[in-house]
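Build the full structure now, drawing on both the sequences and the hints.
4 protein chains.
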Amino acid sequence: MFFASDNGGPVHPAIMEALAAANEGDAMAYGDDALTARARDALRATPEAPEAEIFLLASGTAANALALATLAEPFQTIYATPDAHVINHECNAPEFYTGGAKLTPVAADAGKMRPEALAQALDPARFHSEHDGAPGALSLTNLTELGTLYSPGEIATLARIAHAAGLPVHLDGARLANALAATGASPAEMTWKAGVDALSFGATKNGAMGAEAVILFDPARARELALRRMRAGQLLSKHRYLAAQMLAYLEGGLWLDLARSANARTARLANGLREIGAVEIAPEPQGNILFARFPRALHQRLLAAGAEYHLMDGDAQKGTPEEPLTARLVCAWSTPQESIDRFLQILRSLTA
Amino acid sequence: MFFASDNGGPVHPAIMEALAAANEGDAMAYGDDALTARARDALRATPEAPEAEIFLLASGTAANALALATLAEPFQTIYATPDAHVINHECNAPEFYTGGAKLTPVAADAGKMRPEALAQALDPARFHSEHDGAPGALSLTNLTELGTLYSPGEIATLARIAHAAGLPVHLDGARLANALAATGASPAEMTWKAGVDALSFGATKNGAMGAEAVILFDPARARELALRRMRAGQLLSKHRYLAAQMLAYLEGGLWLDLARSANARTARLANGLREIGAVEIAPEPQGNILFARFPRALHQRLLAAGAEYHLMDGDAQKGTPEEPLTARLVCAWSTPQESIDRFLQILRSLTA
Amino acid sequence: MFFASDNGGPVHPAIMEALAAANEGDAMAYGDDALTARARDALRATPEAPEAEIFLLASGTAANALALATLAEPFQTIYATPDAHVINHECNAPEFYTGGAKLTPVAADAGKMRPEALAQALDPARFHSEHDGAPGALSLTNLTELGTLYSPGEIATLARIAHAAGLPVHLDGARLANALAATGASPAEMTWKAGVDALSFGATKNGAMGAEAVILFDPARARELALRRMRAGQLLSKHRYLAAQMLAYLEGGLWLDLARSANARTARLANGLREIGAVEIAPEPQGNILFARFPRALHQRLLAAGAEYHLMDGDAQKGTPEEPLTARLVCAWSTPQESIDRFLQILRSLTA
Amino acid sequence: MFFASDNGGPVHPAIMEALAAANEGDAMAYGDDALTARARDALRATPEAPEAEIFLLASGTAANALALATLAEPFQTIYATPDAHVINHECNAPEFYTGGAKLTPVAADAGKMRPEALAQALDPARFHSEHDGAPGALSLTNLTELGTLYSPGEIATLARIAHAAGLPVHLDGARLANALAATGASPAEMTWKAGVDALSFGATKNGAMGAEAVILFDPARARELALRRMRAGQLLSKHRYLAAQMLAYLEGGLWLDLARSANARTARLANGLREIGAVEIAPEPQGNILFARFPRALHQRLLAAGAEYHLMDGDAQKGTPEEPLTARLVCAWSTPQESIDRFLQILRSLTA
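Protein chains in written order, with numbering that gives the first Met the number 0: chain A, 0 to 351; chain D, 0 to 351; chain H, 0 to 351; chain G, 0 to 351.
No wet-lab data here; the hints were simulated from the structure. There's no promise every hint is true.
To be verified - Some chain H residues well away from chain A (every beta-carbon gap over 10 Å; in silico):
| # | residue |
| --- | --- |
| 1 | GLU16 |
| 2 | ASP82 |
| 3 | LEU102 |
| 4 | HIS130 |
| 5 | ASP131 |
| 6 | ARG159 |
| 7 | GLU188 |
| 8 | ARG259 |
| 9 | ALA304 |
As the list claims (entries may be wrong) - Pairwise CB distance ranges, derived in the manner of DEER restraints:
| # | chain 1 | residue 1 | chain 2 | residue 2 | range |
| --- | --- | --- | --- | --- | --- |
| 10 | G | ASP217 | H | ASP108 | 44 to 52 Å |
| 11 | A | GLU321 | H | PRO218 | 47 to 55 Å |
| 12 | A | PHE126 | H | ASP40 | 41 to 49 Å |
| 13 | G | ALA109 | D | ALA281 | 31 to 39 Å |
| 14 | G | ASP256 | H | ALA33 | 26 to 34 Å |
| 15 | D | ALA281 | G | PRO49 | 53 to 61 Å |
| 16 | H | SER128 | D | ASP82 | 32 to 40 Å |
| 17 | A | ALA304 | D | ALA219 | 39 to 47 Å |
| 18 | G | ASP131 | A | LEU302 | 39 to 47 Å |
| 19 | G | GLU50 | H | ALA303 | 31 to 39 Å |
| 20 | G | GLY276 | D | GLY313 | 23 to 31 Å |
Treat the numbers as computed from the prediction; the structure is a model and nothing was measured. C-beta: ideal position from N, C-alpha, C; glycine also.
So, in structure tokens, the structure goes:
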């Protein structure tokens with residue numbers, strides 16, 4: 000009953016096989032090999048962006064921070080939602096990679112940035128002098144950290160506001176697959192067609208061992224990103240193994256199949272919880288993350304029974320039994336249905 | 000005939016098997032899993048350092064830069080040899096990770112720092128005021144970038160000079176295995192017993208897919224390094240796969256076997272070149288890297304025949320046929336003996 | 000009718016005389032001169048802190064950023080109010096000087112940080128892993144940016160919360176003199192006795208030409224701050240002229256006289272505005288800054304008549320005549336009473 | 000007998016008068032005042048560069064570091080001579096301001112960079128991959144730190160090499176006046192006409208209290224520099240006092256008169272030393288700095304007699320009496336001729 004993270008699951012067998020298949024003979028290091036060239040082509044084709052520049056790496060935090068450092072200057076401000084990974088969960092990685100840019104939270108509803116709050120933050124009337132800094136970039140996340148999603152049109156609305164103020168747009172796509180699977184939008188529609196300039200394309204949470212990419216839709220800053228990746232120690236030497244993962248991940252639409260599977264498991268869990276009734280689910284889950292609120296006593300029993308997940312607003316062991324606490328429950332493509340059903344069954348029996 | 004790098008070879012089969020074996024079920028991410036705990040224990044045991052703190056990551060450049068950022072302040076100077084990887088081949092990674100420390104080259108013979116040059120660089124008489132900066136750390140490399148090696152006693156001599164000036168000592172051990180295999184020294188003798196405070200322990204060049212470690216012999220700065228690793232985007236989520244590599248690498252002394260094998264191949268290559276006679280080898284190779292100097296015309300024929308290696312001081316295609324150029328030839332554990340023999344055979348036939 | 004800033008006034012005559020008196024013969028540069036030694040002594044004596052270390056410089060932003068860089072690490076978070084100068088008006092100087100620390104706003108009432116909001120921000124339950132960063136330092140401002148003030152007891156309450164969490168406390172004292180003049184507290188009571196570890200001591204706004212100081216009450220990090228000041232290009236060569244300003248500023252309590260004068264002028268302005276009645280003043284001004292809210296049409300006439308001040312929430316020329324806008328009105332020791340009276344007279348005649 | 004630095008002298012009376020004259024009424028802070036506008040115009044007119052952008056500040060180290068941070072990226076390399084102030088005497092300020100660029104020394108003769116060494120450092124054959132970094136900017140100093148000077152033609156030769164490789168050129172002009180006074184070249188000839196893109200224009204060493212400027216001949220990066228200056232805490236609030244100094248400094252060619260005076264004093268000192276004979280002068284002094292080598296015993300007597308200067312290569316008190324040590328002797332416009340004559344007289348009597 001592991002719902003702590005979609006980083007906890009195994010590597011998909013097809014990706015393991017691809018790694019084994021790649022393990023043959025010598026290959027130039029640092030991406031000058033044939034497999035990497037193929038992976039780059041596949042990553043360009045996925046969002047139908049033949050001009051895009053592709054950078055493989057092993058860490059989503061690094062993908063975000065490198066993209067932002069390439070889009071924004073150290074004397075500028077990056078705008079994101081208060082619970083964005085780049086603000087909240089990267090231990091100042093964007094501040095580090097950008098050389099000291101400011102991260103400024105913009106108000107959000109259910110994890111999604113409010114267009115009018117962004118417009119207000121970028122209002123030229125706020126920027127009188129050097130003291131006020133300068134806007135640098137907009138960073139969005141889809142699927143959001145709260146398990147909600149932006150439609151391509153919603154991304155486009157925010158991107159238009161940013162572009163009108165001269166800001167490029169970054170999309171943290173650690174769970175892009177889940178957002179695409181949920182909306183049915185194409186990768187192109189959700190990214191550059193909606194105004195995204197740089198994309199963190201995640202594979203690790205959705206079945207890879209450790210493979211991410213930055214996709215720069217505007218190749219003008221590609222040279223800069225290449226040098227920044229190197230000096231960040233993010234240019235892995237045996238690059239073919241990143242490439243092999245990414246190729247298998249994209250091959251035949253595996254990535255979207257896996258995301259659909261993770262989303263479906265989450266829906267099954269949500270439906271089960273709703274039936275039980277003693278549980279408040281909010282916001283409405285749209286991908287593979289859900290937040291469920293119920294009394295501490297139930298959390299204690301579930302955790303004691305072997306469930307693994309994080310609480311967002313308190314300690315399972317300290318406090319009154321009846322106080323409600325919020326669980327963050329994440330399903331991966333690999334979450335066994337039996338885990339879900341057993342979790343629901345325990346909860347049902349406890350609340351009966 | 001691939002001699003371009005020890006980063007070009009495949010992953011050792013035992014390490015591939017370990018990855019496959021680790022690919023089972025869920026595990027807490029970011030190193031909170033049982034396999035990582037075992038790998039840390041194994042890495043502590045290797046240099047007989049039960050108090051040491053262990054940090055797994057996927058990049059040697061990151062291991063160096065993180066170790067140096069933990070040892071030195073941004074207003075200080077790090078001393079290394081002119082051809083050290085940290086000065087010469089990391090695109091300012093140490094400057095980045097330290098937040099702007101200075102890297103100062105110290106004179107070396109055949110890649111090995113001269114103790115008297117280090118003593119002179121650290122002479123208190125050089126540091127009159129804030130203008131002069133302040134010494135921060137010493138960084139050594141063993142096996143050196145020039146394929147030579149320090150004995151434990153030589154490391155100790157340099158470390159004593161550094162410690163006397165209050166500087167901690169970092170050892171870039173991207174090829175530590177090759178140095179140990181060549182000297183027969185134990186990991187403890189070559190590191191903390193000789194005065195090393197932080198070690199970059201490499202596995203990637205010697206058979207892993209992408210697995211490195213920082214070993215902090217003094218655990219006092221472990222918390223700082225943990226936070227620095229995170230904000231650098233170097234804390235990989237599916238940590239068990241780093242751990243699996245490292246465990247297989249250390250298991251039964253595999254790592255030293257592989258290094259011995261790489262060194263032996265290099266010796267075979269060196270001996271063959273010496274027999275041919277038209278080739279100048281310098282410095283004397285002591286591990287798995289050698290530098291061979293011979294006329295451009297020979298390089299042209301070897302490269303045309305499929306040999307892959309880097310030239311250090313010129314272009315194979317531009318210049319007179321008789322001008323001597325220096326090849327850097329690196330053998331890995333996986334370099335086929337036939338590659339070596341064919342390379343020698345071609346050269347022999349050309350010079351006959 | 001200049002109310003735009005307390006940075007706009009002239010240098011006090013006594014300080015100009017001190018500069019002229021210092022302009023004799025040669026003196027060692029960079030602070031190794033007798034006048035600087037005397038100024039340091041005077042700055043230690045002012046808050047009765049004989050062990051404190053003193054650093055003179057010419058910029059308040061630099062004083063804040065250097066103090067914070069010395070107190071907090073780049074992988075940590077600095078807490079301040081949303082309208083603090085360090086968050087809002089320094090174009091990322093703290094992020095720059097710290098090497099990428101995060102600045103996190105903590106909720107405030109009328110510019111003063113809420114103790115319970117600070118306690119919540121520092122709740123250990125928020126810091127589970129490296130992802131969550133780590134608390135670094137607390138930065139307070141007295142007089143606040145909103146013209147309100149903390150009593151020594153209020154500073155002490157916040158400092159206790161910070162210290163309990165292991166955080167040192169910085170006080171931005173760009174207008175410390177105004178806060179002391181208003182409360183009658185001694186410099187010691189308002190700083191180290193209340194738990195302040197590092198103080199930005201401002202003189203420029205209150206009569207100097209350009210002279211500020213960092214006072215480190217705990218001298219342990221003095222060497223670090225000295226090196227950080229140098230590498231920031233903040234160690235002025237002809238240091239005696241900073242020292243001369245500071246000595247004249249402190250001599251005979253000039254600084255507190257000037258602050259009392261600025262506060263009294265502000266009170267006169269506030270009283271006049273209250274009498275007129277059509278003006279909303281909030282928050283209640285406690286030092287030399289006040290915020291007055293009245294219709295745009297009145298602003299237009301005042302500005303047209305030569306008044307100089309900033310509007311906080313809109314444009315004087317764009318919008319309806321009746322919309323209320325907030326003026327920030329700042330008095331210095333040098334603000335002529337006639338300016339105040341004329342300003343009030345115009346407003347009175349307009350609202351009659 | 001003060002020869003320790005040209006930072007040790009007083010402020011020229013005309014500049015003190017200008018400060019007093021500026022001390023009248025209110026003025027907008029941060030450079031939005033009339034005096035600053037006039038100073039900018041005067042600084043543009045001086046090198047006949049009506050399009051140039053001007054930034055006043057109080058520190059030469061900051062001027063250099065800001066200029067370099069605007070010209071070079073953090074993943075690039077800045078080239079300078081081994082004894083350049085930016086490499087040797089700024090405690091990593093360029094590394095800090097650039098966000099971690101590398102400073103690489105290029106071989107020099109008598110403080111002047113060798114064109115062929117620069118060409119070799121920028122040879123495209125050195126830059127194969129991201130590992131090798133990338134060239135960023137060239138930084139020259141005139142008058143050099145060794146008291147020698149470049150002619151405009153020599154600057155032009157180096158600038159052409161840099162420009163051919165795509166690098167902008169910075170000139171550290173902390174002692175530009177001394178170089179111009181010595182060569183008779185115009186400011187335009189020595190700067191933009193010779194290929195200089197950004198100039199640190201010093202006034203402090205040559206008679207100001209603390210006033211420097213960055214002159215950007217290409218205004219394209221002016222907005223960036225303005226924001227960088229602010230976030231560095233280098234935008235002084237009471238800007239009119241910087242402006243007043245600079246206006247008086249330029250007025251009627253005062254700055255060149257002062258430099259001629261300092262150079263003439265140095266020549267008088269050099270001639271006197273040559274006559275005495277027991278002293279080795281090298282390199283040949285061309286501005287207001289000279290290096291004189293003579294036995295320790297003589298230094299001991301001179302210092303005991305009240306002479307103040309720095310020794311470059313040893314301790315006056317430790318070592319044999321006959322060992323020669325090198326003194327750095329700097330004259331300012333304010334160095335009294337009697338100091339020079341007395342210094343020479345003492346030395347003459349000692350060596351007689």
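Hint numbers the structure violates, sorted upward?
Failing hints, ascending: 3, 4, 5, 18 and 20.
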